[in-house]
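Q: Those protein sequence lines, which keep their order, are chains A and B.
Numbering follows UniProt numbering, in which position 6 of the first sequence is assigned residue number 6; successive positions increment by one, without gaps.
Numbering follows UniProt numbering, in which position 180 of the second sequence is assigned residue number 180; successive positions increment by one, without gaps.
Where hints are given, some of them may not hold.
[Stated by the list, open to error] Computed list of lysine to aspartate or glutamate pairs in EDC-like fashion (alpha-carbon distance at most 20 Å, straight line):
(1) K391(B) <-> D335(A)
(2) K391(B) <-> E201(A)
(3) K375(B) <-> D106(A)
(4) K391(B) <-> D106(A)
(5) K375(B) <-> D110(A)
(6) K391(B) <-> D536(A)
(7) K375(B) <-> D335(A)
(8) K228(B) <-> D70(A)
(9) K391(B) <-> D250(A)
(10) K379(A) <-> D335(A)
Derived by calculation from the structure, the hints in this document are not laboratory data.
Just so it is clear, the structure is predicted and the values come from calculations on it, not from any experiment.
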Amino acid sequence: MSKPRYLTAPKISLLVLVNLYCSSGIPSSATIPVLSFILSYSYPSAPSAARAPRSDNRQDASCSIQAFEDVLQSHASNMPGRTLLDVFLKHMWEMNSFDALFDLFDRLGDLIARPREDTTQDEPLQRTYLSQTSPLGALVRRARVEFVRLQFDDAIKLWSAFIAYRAPTAQWTKRLAGLASSGVDIVAADMGLEPSDGLYEVAYGHLSEEEDGGLTLSIDDLERLLDVQLDRLQRLGCRVPDEMKDPLRDMLESSTAAPRQAHLVQFFDAWKAGDYTLAFDTLHRYFDYAMQARERIHYQYALLHMAILQADFGCFGEAIAAINETIATARENQDIHCLNFSLNWLQHMSKAYPKQMKRAGYMGMLGSEKEGLAFLKAKARETRTYNLLSATLLNEAKLCLLTGEPVPRAFEHLYQSSHLNLKEDIGNYSCHMLFQSALFSRLGVTYLSGVYCELLLNAYHHGCPLDECLRATGRRAFLVSNQALQRGRYEEALNFLGSIDPSSHRSLKSHQYIFLCTGLVKLRRAMHRTDWTATDALLSSLKPDSSTDPELSFLLAESRIDCLVARGLYSEAFSTIEELSVTLKEEGADVMQRITILLAKADLFRRSGKPEQGFSVALRAASVSFKARLMPCLWIAVGMLANILNSIAEFNAGARMLHAVIPQALENVDHSVSGTLYSHLGDSYMGLAGVKDPSTPQGARLRATHVSRAEMYIDRARECFKRVENLDGECAQLMKKAIIAKLRGDEQLAEEWAQNHNRVWEEGMGRIGHGDTRV
Amino acid sequence: MATLSQADEAQLKAQLQDAVVSCTERCLYQSAKWAAELLTSLPSADDAGSVTDVDSPMSDAPPPHTPTTVPKDPTELRLEAREAHKYLLAKTYFDCREFDRCAAVFLPSTLPKGSIYAASPPSAKAKTKGKAKLGTPTKPKIVADSTQALSQKSLFLALYAKYIAGEKRMNEDSKMILGPEDGGVTVNQELPGICAILETWFTNLPASGRQPQGWLEYLYGVVLAKGKNETLAMDYFIRSVHRCTFNWGAWQELIGLLGTAEELNQIISRLPQNIMTFIFHVAASQELYQATEQVHSSLTQILSIFPTSAFLKAQRALLHYHTKEFDEAEQIFNNILISEPHRLDNLDNYSNILYVMGMRPKLAFLAQLSSNTDKFRPETCCVIGNYFSLKSEHEKAVMYFRRALILDRTFLSAWTLMGHEFVEMKNTHAAIDSYRRAVDVNRKDYRAWYGLGQTYEVLEMHSYALFYHQRAAALRPYDPKLWMAVGQCFSKVNKVTNAIRAYKRALVAGSYYDAGVGSSFGSGDMSALGGGVLDPEVLYQIALLYERLQDMQECSAYMELVLAQEEGPEYDEATLEIGGGVGVTPTTSKARLWLARWEYMRGMYQRAMELANELCQDGVEVEDAKALVRDIRARIEREKNDSR
């Protein structure tokens, strides 16, 4: 059976309530609950990013008569001894013939306020008049228009549905004197008809067999429902929740003409589920139907969706073909918004997946990246698409960071963009938060970076896409694992990742993302614990492919190199580094990534006993990171330099450099970096101590102070390494302590330290065995 | 007549049963339905079971399937037996609504169209298609031969299918209701062909020595009536009803051809004397608005034979409706509805009654009921349209009337009602168009005539409107409203004496009927008048007309009469609770003012003063009255001064 377009029995009941409200039948104490009840069923709540939507389930589109009872029962009416429900039901049952339904809609017209001059007549003032544009006024007007448009037999259906709808409240009529006699239909009652009569059977016979679920939901309700779903799917990038799936399917099956949106909902769901074929099928179906309803204007959107879908499934060649067609079609149809969006998307893709895009034959449509951005910015200004302008500004800021341009410029762009966001009410807070978090982590203000992530997760997660939520979670997890303020932070990070809403695992992409993040954290932990079997297992399972997030694939590559270096496979590590640096250069990749590679290279040289060769590399890294204000990199680079200086016996210079950076590095609570720095500082002091002539009393005294200082720094370094569970580092520090003790001649202490070392090592190994079961 | 003997009743049953079967065989479904309804409305002899009926001593009547009254012609039986299979094929085609195919079973595919009068060379017999292609002049002969070889039943079926196909095509070609191609432009293309075949068949009849059965006469009559050859058509219909009495379709066509009650009385002598003639007479009288006692009593007689016949009850209700006894009519229709909930026939009339009575909830209920039974019946659409009209949603009403007309272009009441709606919507041209179509469908619809007149009056074409009002008044000579309309037109075209006569006629008619409720028109409602009270409006108009004739004596007399209606005749006081008179109305006040002035001019100041003061008391025309009082006082003063 077909669904009604807009009017349903619950809607009529709402209108009865509105009528009651306007005839001032509602005491002032009940006004607010009644009004909010009416509004909650007649208007979808406006989606707001800043405010969490009400989580109660009252938003279900079909409201039963029970809902009315619940709201109205608790309020007393103007008539003493009667609840509001009594009055409401009286009005409901006073509609005792089909004609009364028509009457109701006639009377509704009187509720709308007239133009000023008419109201001056001496009408009783206790009536409330609705303004044309007020929410209730709009509701009433819409209802009237829909009723006028109704075919007669549809009106009959509506009437029957209404009778069925209010039937559960029949026992109330007994309480209301004078209504009991009229029954369902006063005309039938007047004619002396009984429900068993043939005539009654003709008029109302179908009531009994009609399934009551079907008519309480109109097409309009259904469309609204689907729109809400679509909005969530599109904005948040999640899937249709399980508990919604079955009802939705039932609703769609029960109506003969499924609204077009149903296909779109299915499309997004299939896409997020990673069902490539179904997604394509439904996408085509939706746009086939959409074309029929509207004109050709939607071709470009169909193509755009297709391009994004293709790219999401890693088919970059097809995606580029589709997006080119999109751009051409959008140009032809003069759809500026679509055009700009496609260009922006293309720009974004070429930056995010440069390798894949190049391989797919993308040559760059807008010249260099900068030119592209400038073009988009100009276009956005021209067409006043502030959305795009804000996004482009943000991209520009990102570009500044990536190419190592001055940070203030990036900030400038950022603030311009957020100004636009505020002024034009653009809702891409999540992008901003993420970017700011990244920015501060680059500047070495880790705490702030973490705060932004948390802000996003706690305050904005209702309104921001699932992807970005995940990204924030991932970043937060990394930060936590790096900070390692105390033992067990890895667990915290893993818990953090594990606590992500299980529903996000239902989307393929996010599942992959979460998996990689978890794997990376685990990998780091295993490396720090020198658990090589676990490392190997994790590394083999964490192979990135072409559709993986580029950021993550770099992190993976870095971890791989770290691992190779830590295990002493230097030549292999070197070749990997070389390979990586070549590709990074080709892609014109992020400055930070390139510096990281440089540092890895310098470290490799240092470890392989060629510090001189590493010197220039480390120096270059230090200078570049200083220019780009990449503080964490700078500190590592300086540490590296100091180490090299130490190894060529320039202990003083090394110590001075380390003293210069250590305070800053401490601010940034990356313990593994500060541990390394401290350990280098200890080395420098030991070197200095070695340089001093022990024969002179002054020299001996100096040596003693240097040694004790070295010991102090070594202790600190040990503390840091212990926190990050870096077994190697901790043991090395213990060894150093033992050697120092030996140097002093304190054999017993040395023995103690050595035993300490062995114990820690044993413990670490034990932890691996223990941890293996947990991995 | 009141009671039938058992034998008569059994025979009647047998005849009706035979009529149902033969009508069904010829695909005259409406007639078959009518006969079957009538058959079942006979009181069954014994409710305990029909088994005893057969065994009872009275069942000497022949069994139903071999009726004695219609002896089968052996020639026909032989022919029918010969083509039994082909007949079955044709019948199934007809039932599947493949009319052309049905016709082609018995008739050659190419029928002559209009070339029938061409000379026919002696080309011979065979009805093969090869021969038929020789040329048009040969065809008539061939066709004549081929039709002669057919049984009457098959020939009727074939021609009737052809006729129906033509009607269908005509409807399709007419396209939109009230569109450019609607309304008499398109005609049934098959008519000349059918006409030619039947003509030759009937000319060859005496020679062929076959007994006519009445069916072909009926079809020929229909075709002739369509061709406006009405006297001949009536002849054939009368021939038809002599042969097969129980074909209600033929009777209906006959009713359609009657214009006035005189015509009815003329043909009644030519009709067979049986029960069908009685029913016909009642139905025709009803259609002609002859709601006399005599008709009522004969209807009562027939109803005693068929006590449960909804058709007859509806006739009774319609008679009441015509005499504006709405309560009785409503009651009867209500009972019909309860006893037969799925019956939609005449519900449009019922909805008219409810409309006039202003019973909106009930009208809505009726609409709901009929819509639940069948949305796509013209009656249903009319009921819904009436409901919307009562709610003053004229656009929607027109929509539903239009739908009714799409379903059946000859649905009379929809045309008229649509005309009313167009008048309400001030679309006079469309209104004229619709009324005209209604009149074309049925010349006896006085409401359409009256509507036409009114519409032309709106267009200020009074002398033109006069014609229509006269037609309407001729159809219902006892309806004061129509006479008033005539009088109004006359007065507008300055034919004052004629106007006065018309108004006086209206007065007579008004006192003849004690019309209780206003007419079915939204406009021109008459206030409820008790019996014996003359319409003050009419009186006032007459007075004004006399004033125009400078006949002040008559004029003032009529004005006094108007005033007299305020109280009403005394003898009514006892019986009527309304109080008899009309009370103070604008009309009587105007009359009073006129009289006051008149008396003032005549110098009867005392009376003038009285009247003016009464006016002031009633609170109408106070300003004029006060001014008049002042003048009178001044005059009286002056006269006093003069006299002193």
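Q: Each hint: holds or not?
A: Comparing the hints with the structure gives:
Taken as a hint, the K391(B) and D335(A) pair is broken in the structure, with Cα atoms around 48 Å apart against an allowance of 20 Å. Note on K391(B) and E201(A): the hinted pairing is violated, with a Cα-Cα distance of about 27 Å set against a maximum of 20 Å. Restraint check for K375(B) and D106(A): the C-alpha separation of about 24 Å exceeds 20 Å, so the hint is violated. Taking the CA atoms of K391(B) and D106(A), the gap is near 9 Å; set against the 20 Å cutoff, the hint holds.
Between the alpha carbons of K375(B) and D110(A) the distance comes to roughly 32 Å, so the proposed pair goes past 20 Å and is violated. Restraint check: the Cα-Cα separation between K391(B) and D536(A) comes to about 84 Å, which exceeds 20 Å; the hinted pair is violated. Between K375(B) and D335(A) the alpha-carbon distance is near 47 Å, which puts this suggested pair outside the 20 Å criterion. For the given pair, K228(B) sits about 72 Å from D70(A) by alpha-carbon distance, which is inconsistent with the 20 Å threshold.
Our distance criterion of 20 Å between C-alpha atoms is broken by K391(B) and D250(A), whose separation comes to about 39 Å. In summary, the hint linking K379(A) to D335(A) is supported, as the alpha carbons are separated by about 13 Å, within the 20 Å threshold.
The earlier numbered hints that this structure contradicts are 1, 2, 3, 5, 6, 7, 8 and 9.
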